[in-house]
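Trainee: Chain order of the listed sequences is A and B.
Counting with this note's numbering, you get residues 337 to 561 for the letters of the first sequence.
Counting with this note's numbering, you get residues 337 to 561 for the letters of the second sequence.
Calculated from the structure, these hints are not laboratory results.
Treat the hints with care, since some could be wrong.
Identical chains blur together in the list; that is why a pair holds if it fits in one copy or across any two.
Calculated cross-link-like contacts (lysine to any residue; reagent style SDA-like; alpha-carbon spacing at most 25 Å) [said to hold, decoys possible]:
id: 1; residue 1: 438; residue 2: 559
id: 2; residue 1: 438; residue 2: 513
id: 3; residue 1: 438; residue 2: 510
id: 4; residue 1: 438; residue 2: 555
id: 5; residue 1: 438; residue 2: 543
id: 6; residue 1: 438; residue 2: 548
id: 7; residue 1: 438; residue 2: 470
id: 8; residue 1: 438; residue 2: 375
id: 9; residue 1: 438; residue 2: 352
id: 10; residue 1: 438; residue 2: 468
id: 11; residue 1: 438; residue 2: 387
id: 12; residue 1: 438; residue 2: 417
Protein chains: 2
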Amino acid sequence: MTNTPATHVPDATDVVGLYDAMFRRRDTRAEFTGEPIPAEVLDRILTAAHAAPSVGLSQPWDFILVTDPAVRRSFREHVHQERAVFNDQLDARQAETFARIKVEGIMEAGLGIVVSYDADRGSPAVLGRHAIADAGLYSVCLAIQNLWLAATAEGLGVGWVSFYREEFLRDLVGLPETLRPIAWLCVGPVRDLPTVPDLERHGWRNRLPLSEVVHHERYDPIRGR
Amino acid sequence: MTNTPATHVPDATDVVGLYDAMFRRRDTRAEFTGEPIPAEVLDRILTAAHAAPSVGLSQPWDFILVTDPAVRRSFREHVHQERAVFNDQLDARQAETFARIKVEGIMEAGLGIVVSYDADRGSPAVLGRHAIADAGLYSVCLAIQNLWLAATAEGLGVGWVSFYREEFLRDLVGLPETLRPIAWLCVGPVRDLPTVPDLERHGWRNRLPLSEVVHHERYDPIRGR
């Protein structure tokens, strides 16, 4: 990098750890050991999440740390019901593939982190949200990705569970009506992380080449599928 | 980089670069030098974005790289109109603070990256989206955060512009009706990155302590504001 005077000149240390976390990161289901997360590690990954960018500096996220086995069991039961709902929408070939895919590690991971969105935080005048109401939602997702990468670098696995109805999860952890649950993240130490995503390994879908999603100056409909 | 040993034992290299990027990262407006981004650096940050997790492995993002000054100028003009719309919603004290805040670096940065969401990708049966339609949107945001962190580690700045109407931006870069623009990111080399976020520095809003957004077992309404 040539001209970044008086400031940051990137070296290998900057990029190696970051790219390593990004490319090792997986959506984890089966690999949790069930061991607890050391308190200082949990604090670091939450601090990382909380350092994410947010529209109008609203920081519209909350993190509810759920360890209670009864609550996790209840959530898992709900998730399995929703798994069945999705399964009913599949054709025979898809259903056969789906049968091999694990969609959650709620009991295996010692911790569930519910991440929610509070649209009222920083309102009424949230700078940067007047034209795009969903910009606050987007901020919460940026925090989730910070958490995910930090956890990966710390040797943990993270699995985002999305087979649930928002009302169910809201009631389960006592979120007020004005807050929207965005994710249930299973977080904990793992034996290893798979090299290939589960969905690819089980033949559900393959990753796209980067060239198919990059366009120059204007969207290219030939490239788009 | 993609090969995982049986068990990952984190060391300092894993976490230092990652946390450094997370905490140095800023939403950049005024600091762009206007220099071009080396091709291999641009390729690395797009590869990082494309390595993000996505619901059902749908990878529902596209990246439109905009350098054309005429297109950027047209976008900037639209953003300034929307800035005025927001300004009209503020009381006198807020408007005075807002007047000091720069909301875009569209011309200063050499490159705009429009990130869009394609809900049809991987459909009809997107695994993990049947109960939460917005899960695809969330995936796009995870890709944006990967890009942002990678760019930061590479010595670049990124500024997310959100003062625009989605229809305007869709037309501007030729997105089909079925695609939704999620962000315009100004990306380029920077002189430096501010230590404190612009909005905090100018007195718009302060960052919250982490303790206010972390809850144990259930959402705590006393903690929530």
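Trainee: Next, verify each hint and record whether it holds.
Mentor: So, going through the hints one by one against the coordinates:
no.	hint	verdict
1	438 with 559	neither (32 Å within a copy, 35 Å between copies)
2	438 with 513	neither (31 Å within a copy, 34 Å between copies)
3	438 with 510	neither (27 Å within a copy, 39 Å between copies)
4	438 with 555	neither (36 Å within a copy, 28 Å between copies)
5	438 with 543	within (19 Å within a copy, 38 Å between copies)
6	438 with 548	neither (28 Å within a copy, 34 Å between copies)
7	438 with 470	between (30 Å within a copy, 21 Å between copies)
8	438 with 375	neither (28 Å within a copy, 39 Å between copies)
9	438 with 352	neither (31 Å within a copy, 33 Å between copies)
10	438 with 468	between (35 Å within a copy, 18 Å between copies)
11	438 with 387	between (31 Å within a copy, 21 Å between copies)
12	438 with 417	within (14 Å within a copy, 49 Å between copies)
Of the numbered hints stated above, those contradicted by the structure are hints 1, 2, 3, 4, 6, 8, 9, listed in ascending order.
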